[in-house]
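Student: One line per chain: the protein sequences are A and B, in this order.
Here the working numbering runs 2 ahead of the position in the first sequence, where the first position is 1.
Here the working numbering runs 79 ahead of the position in the second sequence, where the first position is 1.
Treat the hints as calculated values from the structure; they're not laboratory data.
Do not take every clue at face value.
What the hints assert, rightly or not - The list that follows gives simulated cross-link-like pairs (lysine to aspartate or glutamate, EDC-like), each with its CA atoms no further than 20 Å apart:
1. B:K179 <-> A:D170
2. B:K328 <-> B:D398
3. A:K168 <-> B:E274
4. A:K168 <-> B:E347
5. B:K185 <-> B:D261
6. A:K168 <-> B:D271
7. B:K178 <-> A:D170
Being a predicted model, the structure only gives us computed values, none of them experimental.
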Amino acid sequence: MPKPITILKAALFVAALVPFGLLVWGYHTDDLTANPGDYITDQTGDWTLGTLFASLCVTPLRKLTGWNDLIKLRRMLGLFAFFYVTLHLLTWIVFVNYFDVPSMVADVFKRPFITIGMATFVILFLLAITSNRWSIRKLGRKWGSLHRLVYLAAIGGVIHFWWLVKADITLPRRWAVAFGVLLTARAWWWYQKRRVPVRPRGTALGKA
Amino acid sequence: MLIKKAADIPSSEITPKSVYLRRREFLQAGSAAVAGAGLVAAGWNLWGGDAHAQGGGLPKLPNVKKSPLSTTEEPSAYQYVTSYNNFYEFAPGAGDGPKKNSGKFKATPWTIEVDGLCNKPGKYQLEDFIKPFTLEERIYRFRCVEAWSFVIPWVGIPLSEFIKRAEPQGSAKFIEMTTLVDRSRFPMQSTDLLEWPYKEGLRLDEANHPLTILAVGLYGEVLPAQNGAPIRLVVPWKYGFKGVKSIVKIRFVDKQPINTWQAMARNEYGFYANVNPMVDHPRWSQARERRLPSFIPNHPTQMFNGYADQVQGLYAGMDLKRNF
Chain A
3 MPKPITILKA
13 ALFVAALVPF
23 GLLVWGYHTD
33 DLTANPGDYI
43 TDQTGDWTLG
53 TLFASLCVTP
63 LRKLTGWNDL
73 IKLRRMLGLF
83 AFFYVTLHLL
93 TWIVFVNYFD
103 VPSMVADVFK
113 RPFITIGMAT
123 FVILFLLAIT
133 SNRWSIRKLG
143 RKWGSLHRLV
153 YLAAIGGVIH
163 FWWLVKADIT
173 LPRRWAVAFG
183 VLLTARAWWW
193 YQKRRVPVRP
203 RGTALGKA
Chain B
80 MLIKKAADIP
90 SSEITPKSVY
100 LRRREFLQAG
110 SAAVAGAGLV
120 AAGWNLWGGD
130 AHAQGGGLPK
140 LPNVKKSPLS
150 TTEEPSAYQY
160 VTSYNNFYEF
170 APGAGDGPKK
180 NSGKFKATPW
190 TIEVDGLCNK
200 PGKYQLEDFI
210 KPFTLEERIY
220 RFRCVEAWSF
230 VIPWVGIPLS
240 EFIKRAEPQG
250 SAKFIEMTTL
260 VDRSRFPMQS
270 TDLLEWPYKE
280 GLRLDEANHP
290 LTILAVGLYG
300 EVLPAQNGAP
310 IRLVVPWKYG
320 FKGVKSIVKI
330 RFVDKQPINT
340 WQAMARNEYG
350 FYANVNPMVD
360 HPRWSQARER
370 RLPSFIPNHP
380 TQMFNGYADQ
390 VQGLYAGMDL
400 KRNF
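Using the sequences and the hints, build the whole thing.
Tutor: Here it is in structure tokens:
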């Protein structure tokens, strides 16, 4: 019998591939609307935020449940965020710009929502290529600092979405709240941890 | 190089999606006979170019006259024109939301109110409003501000003929049109997605231009709800959002109206909204468009959506970058 975390990891792996599978299936059945380029761009953008959110849920869940094995899910979920953001970038290159390099370069500098989207991609790219054991060993303490950029990626992703919608801010607002809760929880824990040394007596809160 | 190539494919050479769909049909049927029939049907659809064979089974409009103002371009497939729409009263954003959410919409009875600076104000039932005029088919390019486009065979009346009958006064310089407000028929009007009612306006000379029509149908049939039933404005050289849908009020005014999208975001949407490949939307380029269905931009956008010869005189001496 495999360990529960192994089963959960396998299930999450399959679940995280479902949105991609639905796009492939939709292409097959011609069910991606008359404007499939836009549809796929929207979907891959949504699921970048979705998988990024899931990866940022791991640590809070671990703290709340005490189930430390959950940490084994984090890299996989983070890599799925990179998978979807890469597809999202490709849709922009192919479906929006059709390989028009000058126009893409101009847009990165000219349009703030693309500037911030591209910056977010660069962060996720850096995190993905340093997510292996070798990089963790090599970077040592710096690895942790580097990977805290994921919070910037989350904020960048939400701002990117917020700035691109025309009128209906329902969805970006929802993501802002969701990520806001996660980031606030972290800020709170960080604050608690910092407070410990000035307490008269060390407490359980001081544990890493 | 690839870019050039994509832009240079004439629309007539792009396989309509309906043909592609038929390919699927016969693949599924899996018999040579059906395949043959499918090919013949597909070929007919592609080369026959008969848009009137399409339709959605809605009531046909009688006595529709052809017009020399129609484009010779192949109309887009009915199924796409009626399932990919922007109609915020039904759903936010472009897609099949408007079609899916328009189930409770009823276009009868329908009253249109004409008022403002004219000698013949009044309230009309839709049938009476239309009756004095001859219906014409106008096959126009339709360019959305979101960089996608169709070719649509509208059925309608020239707005100028209605204006003549309403007898605008000398002080009337603009015309303003308003969409119905009814939360039971338009579900999104219960939200503050846009400022309701949706309003649009034209300069009176734009409204009087022979290309400007009030459409009551497409593909020879009455308009489906998601396309603006029962009557909407069509101004083919302007971005689609100028084409106010489900009109209940037409007003002659002396001041330039503030149209809904201008009120929502005045740095992104102006009063004129003429199709212009040289003036970008702040968030995307308007140089190219996707003639749907298409994954990629497959069409260069033309000045005034290809109607420059007919309409550029209206804007002589105007700075089109400022008056976007």
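Student: With the threshold set at 20 Å, check whether the alpha-carbon distance from K168 of chain A to D271 of chain B stays at or below it.
Tutor: Between K168 of chain A and D271 of chain B the Cα gap is close to 14 Å, so the pair holds against 20 Å.
Student: Verify the proposed pairing of K185 of chain B with D261 of chain B, using a straight-line Cα cut of 20 Å.
Tutor: Holds: K185 of chain B and D261 of chain B sit about 11 Å apart, inside 20 Å.
Student: Just to be careful, I want the Cα atoms of K179 of chain B and D170 of chain A compared with a cutoff of 20 Å; is the pair within it?
Tutor: holds (18 Å)
Student: Is K178 of chain B within 20 Å of D170 of chain A, Cα to Cα?
Tutor: With a Cα-Cα distance of about 18 Å, the restraint between K178 of chain B and D170 of chain A holds, given a limit of 20 Å.
Student: Would you mind confirming whether the straight-line C-alpha gap from K328 of chain B to D398 of chain B stays at or under 20 Å?
Tutor: Outside the cut-off at roughly 31 Å; violated.
Student: Between K168 of chain A and E347 of chain B, is the straight-line Cα distance small enough, at 20 Å or below?
Tutor: Status holds; Cα separation ~9 Å.
Student: Are K168 of chain A and E274 of chain B close enough, with their CA atoms no more than 20 Å apart?
Tutor: holds (14 Å)
Of the numbered hints listed earlier, the single one contradicted by the structure is hint 2.
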